[in-house]
Amino acid sequence: MYMNLETIVFYLFSAIIVISALLILFTRNVLYAAFLLIFTFLGVAAIYVFAGADFLAITQILVYVGGVLVLLIFGVMLSHRLAGEPVLSGQHNWFIALLLSAGIFVLLLQVILKGTFYFQQPNFNTGNIEPVNNSTIKLLGFQLMTNFVFPFELVAIILLVALIGAAFLARKQALNQG
Amino acid sequence: MITITHYLIISALLFSIGIAVALTKKNAIMVLIGIELVFNAANINLVAFSRYDQTMLQGQVFALFIIVVAAAETAVALAIILKLYHHYRSTELDKINQLKG
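Keeping their order, the protein sequence lines are chains A and B. This note's numbering numbers the first residue of the first sequence as 1 and each following residue consecutively. This note's numbering numbers the first residue of the second sequence as 1001 and each following residue consecutively.
To be clear, the hints were calculated from the coordinates, so they are not data collected in a lab. Keep in mind the model is a prediction, meaning the values are calculated, not measured. By construction, the Cβ of each residue, glycine as well, lies at the ideal position given by its N, Cα and C atoms. Among the hints, erroneous ones may be present.
What the hints assert, rightly or not - Okay, the calculated bits of chain B under chain A, using three or more residues with CB under 8 Å as the criterion:
| no. | region |
| --- | --- |
| 1 | 1012-1021 |
| 2 | 1042-1051 |
| 3 | 1063-1074 |
| 4 | 1077-1085 |
| 5 | 1090-1099 |
Just chain A, same shape as in the assembly (with noise of 0.2 Å):
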C-alpha cells in the first residue's frame, strides 16, 4: 500500500488522540487525565487542519487548551485537599462500560465501512484541496454574519448567561443566607 507523507502524518495525529484517549480511560489520576486531554485536544486540531479547517483548529486550540483545560485544573485544585497524595478517581462498571462502548464502535465502524457516502461535489472525493487559496476564515465570517447570524447572537447570549450563572453558582454562600 503506497503511503505518502500525509497520510503518514495524519495516521500519527490519530495515534497521538487515540493513544492519549486510551491512558486517560485506564489512569487513576485527575491531574493525569487533564494533562492528557492536552493531547488529545492537539491531535483533534491536527485533525481539523488536515480537513482543510485552519479556523476552527486555532480556535480549537485557543478554547478547550487555553480555556476549558485550564477551567478543569482549576476545577480540580479547588475541589481537592493537596495534601501531598495524588488526586485519584474511583472506577467502578468496566464490564458494562467497556461492552458498551465496544458495541458501539461496532455498530459505528459497520455503518461507516458499508455505508456509501454521495456528495454533491464529486470532484473533492479526492481530497486535494490547494492549501494556500482556501483559507476558510473568509467565508466562514461571511456565513456567520449572513447566514447564521441569528445562532450567532443566541450562541453569544448563551455563553454570557452560562458565564454569569457559573460566577453566581461558584461565589461565596453568606451573601444571601445572612
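Starting from the known structure of chain A, fit chain B onto it as the hints suggest.
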C-alpha cells in the same frame, strides 16, 4: 490518500472511548473529561463532512457553535461541582446520593 472514512473511524474511536470514560469513572471531573472527548468526536465528523461543502461550510459553522456551547457547559458544570464539593466534601458521584442535603 485520506478519505472521509479515516475521519469517521477516528471519530468513532474517540466517541466510544469518551463513552467508556464517562461511564467508568466515579469522579465528576473525570466524567466531564469523557463528555469533552465525545464533543470532540462529534466535531471531527462535522468538520470532515464540511470539507465537501466548500461553498457553504455549514459543518464548520456548526462545529464552531458546538465549541462555544461546550465551553459554556464546562464552566457551569465546574461551578456545580464546586458547589457539590462544598456540600459533601467529595466529588465522587456515588457519595452524592441525597437531593435535599
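Consistency of the hints with the structure:
Coverage of a stretch by a chain is defined here by at least three residues with a beta carbon nearer than 8 Å to that chain's beta carbons; for the region 1012-1021 of chain B and chain A the count is 10, and the condition holds. Counting residues of the region 1042-1051 of chain B whose beta-carbon sits less than 8 Å from any beta-carbon of chain A gives 6, enough to reach three: the coverage restraint holds. Chain A is given as covering the region 1063-1074 of chain B, and this holds because 11 residues of the stretch bring a CB closer than 8 Å to a CB of that chain, at least three being needed. Coverage of a stretch by a chain is defined here by at least three residues with a beta carbon nearer than 8 Å to that chain's beta carbons; for the region 1077-1085 of chain B and chain A the count is 7, and the condition holds.
Check on the region 1090-1099 of chain B: 3 of its residues sit with their Cβ under 8 Å from a Cβ of chain A, so the three-residue criterion for coverage holds.
Consistency with the previously given hints is maintained throughout, with no hint failing.
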